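A.B. asks: Heads up: the protein sequence lines correspond to chains A and W, in order. Numbering-wise, our numbering puts 15 at position 15 of the first sequence, and it's gapless, one number per residue. Adding 1000 to a residue's 1-based position in the second sequence gives its number in our numbering.
Keep in mind the hints are simulated off the structure, nothing from the lab. Certain hints may be false.
25 Å max Cα-Cα, derived DMTMM-like pairs, lysine to aspartate or glutamate [what the hints assert, rightly or not]:
1) Lys-166/A with Glu-1213/W
2) Lys-221/A with Glu-1091/W
3) Lys-1203/W with Glu-168/A
4) Lys-1302/W with Glu-256/A
5) Lys-186/A with Glu-1204/W
6) Lys-1331/W with Glu-264/A
7) Lys-1222/W with Glu-248/A
Because the structure is a prediction, the values reported are computed rather than measured.
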Amino acid sequence: MLHIVACIKQVPDTKIIKLNPKTNTMDRRTAPAILNPYDAHAVEEAVRLKKRYGGTVSVVTMGPPPAVSAIKKCIEIGADEGYLITDRRFAGADTLATSYAVTKAIEKIAKTKPVDLIICGKMSIDGDTGQVGPGIARRLDIPPLTSVNKVVEINKEESYAIVHRKLEDGYEVVRSTLPCLFSVEKTINEVPYSPLPNMIRAARYKPHIWSVDDLEGVDVKQLGLKGSPTIVSKVWAPPKPTGGTFIEGSPTEQVEQLLSIILEKKELFEQKGER
Amino acid sequence: MNLQDYKGVWVFIEQKDGVVAPVSLELLGAGRKLADKRGVELAGILIGENVKSLTKTVFEYGADTVYVYDQPIFKHYRTEPFMKALLECTEKYKPEIILFGATSTGKDLASAVATDLPTGLTADTTELDVEEETGLLLASRPAFGGNIMATILCKKYRPQMATVRAKVMKALDPVPGRTGKVVEETISLQEEEIRTKVLEIVKETVKKVRIDEADIIVAGGKGMGSYEGFQLIHQLAETLGGAVGASRDVVEAGWIDHAHQVGQTGVTVTPKIYFAIGISGAIQHIVGMKNSGLIIAINKDKDAPIFQNCHYGIVGDALEIVPLLIEQFNKALGREKVSLKSG
Ligand SMILES: Cc1cc2nc3c(=O)[nH]c(=O)nc-3n(C[C@H](O)[C@H](O)[C@H](O)COP(=O)(O)OP(=O)(O)OC[C@H]3O[C@@H](n4cnc5c(N)ncnc54)[C@H](O)[C@@H]3O)c2cc1C
Ligand SMILES: Nc1ncnc2c1ncn2[C@@H]1O[C@H](COP(=O)(O)O)[C@@H](O)[C@H]1O
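Could you put together the complete structure from these sequences and hints?
C.D. replies: What follows is the structure, given as structure tokens:
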């Protein structure tokens, strides 16, 4: 029986989020909060492995109280348990402080039920770094396997996992000892519509909610803003572009003008022309 | 920690099959500027098996020193041995800045190293500068899906680390024969101690497109209407001898493979000519192509943001314009040939 922990995050939908032009800050109210799309694939993969080998899927997140709805979304996908660590002392965390806090939560979860595998998304669409996954692996001193796009085998008895890691021109087959951590590609699976029983369970589900004081052996200096070596010093809107020249006229005239513009760079086309 | 103990700028030299990754050469160019401003050394850190000969390239592109780990244990990239080498070397020589390409390998390695040191790590940097006096690295990157830019600092920890996107920094022109100091290091790590093994490397048989190397890119968006409509993009690309690019929405619609996606979550490109056809010009797309030499946009909506980010724009129906362009271009090139011959 496997115990798999998926790390998830609630994020503002950056497709919709608007910038306040006066303050250059994100107007979070304009953007609905969603489960980080990459993490849906992490949870889906955990659920598939559970179906294949038997076991339990827990999801864990650090975030503000509304992150409960992201956990519920994971229950819909098929996770069994959800853990939210939430505390003002976590606020302002960069990737280093995030991996520290999430690791503390995983350690606590593992106390009652040892963890065989941790799965993270490739990246979060707001943090957008992909650094938290390997960070958690280092803190737990387990191998990080990034760019995973297929799980070939998990063998708990012999304590190994075999996966495909995506490369630029193909993939590599890697074997790792268990426990280990995967950061998975979006292409690893497709997240289907959730079955009705899961939806019903999710609607009623109440996640475990922990504050800093519920965790063990926490060095508060490593949390939140205080525990973050990086700081954002300046935020600005990308420079407003000046715009181009419109080519006017009928389609034929437009194309003629365009042609004379691109043919100024004749050398680009010449090698093709004659040979 | 005493910040003054840390000196010098390092670039992690990513290599594969005996070739240095282009992004590492770009970073040597960027690192050279930072090192000169600070009056410190620029070093490359090269890890692999049979890589010593690559030091020549690293010097030619601007490094003063190269730290080399050349051992069988580094045959394939694996996080743990590479990380151990980098941690050891960092502890020994104390650089103030380490730059990595924001490739899957660079990100994987930098994340692990930064956690163990520990120090701050800025991801996907697109602008770099340094304060001359303090050595504080100013690493700027797009945030919130490219809607804003943010400058990230790491004031109290050294080294300062950043991964940097490919194709945004400029490599220096190589100086043949330029050399420097080679420092050979070894790591006392046994294969048995490493918990991951690469069992097999499978090269995809179909040659993957590298649109980041093309001089001409014809990119199409959702405005092509359908998979069939998108074939016009392929035809134009073929006519012009260019590569095909695409917006994310097109990739998600399954009209073309992700390798063709231009933008924040795709490839950054800088061709001599970039056609954006039926592409609205969302910021996430723009960041991937805005440094192209000549940008031509075709869109039927005159208010589409792409027109703010192009050199020439045509307001019109792509399904009408593109076939005309193909026809006219073929004709023109035909005429071109005749006139070349007669002249
Ligand atoms: C975190 C994040 C990362 C992202 N990364 C990327 C990325 O890397 N690359 C990327 O491209 N996008 C990315 N996106 C998506 C991006 O925000 C846009 O949704 C996407 O670029 C839009 O694609 P499009 O322009 O093809 O489609 P649309 O926005 O639908 O635009 C279609 C355009 O075609 C025009 N049109 C329609 N019919 C015709 C016609 N017959 N002739 C001419 N013009 C016509 C329309 O006027 C319109 O302007 C990202 C988004 C997020 C949130
Ligand atoms: N606050 C968080 N709580 C739990 N997991 C997280 C959190 N932030 C990031 N992760 C995990 O780390 C991955 C990479 O995130 P990032 O480094 O922010 O791009 C995500 O896909 C999640 O799996």
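A.B. asks: A separate judgement is required for each hint: does it hold in the structure or not?
C.D. replies: Quick rundown of the hints versus the structure:
1. Only pairs whose Cα atoms come within 25 Å are accepted, and Lys-166/A paired with Glu-1213/W is accepted, the gap being roughly 21 Å.
2. At most 25 Å may separate the alpha-carbon atoms for a hinted pair to count; Lys-221/A and Glu-1091/W meet this at roughly 23 Å.
3. Of the supplied pair hints, the one linking Lys-1203/W and Glu-168/A holds, its CA atoms being roughly 9 Å apart against a limit of 25 Å.
4. At roughly 20 Å between alpha-carbon atoms, Lys-1302/W and Glu-256/A fall within 25 Å of each other, so this suggested pair holds.
5. Taken as a hint, the Lys-186/A and Glu-1204/W pair is honoured in the structure, with Cα atoms around 19 Å apart against an allowance of 25 Å.
6. Between Lys-1331/W and Glu-264/A the CA atoms are separated by roughly 16 Å; this keeps the pair inside 25 Å, and the hint holds.
7. Annotation: proposed proximity of Lys-1222/W to Glu-248/A holds, straight-line Cα distance about 23 Å (limit 25 Å).
In terms of the numbered hints stated before, the structure departs from none.
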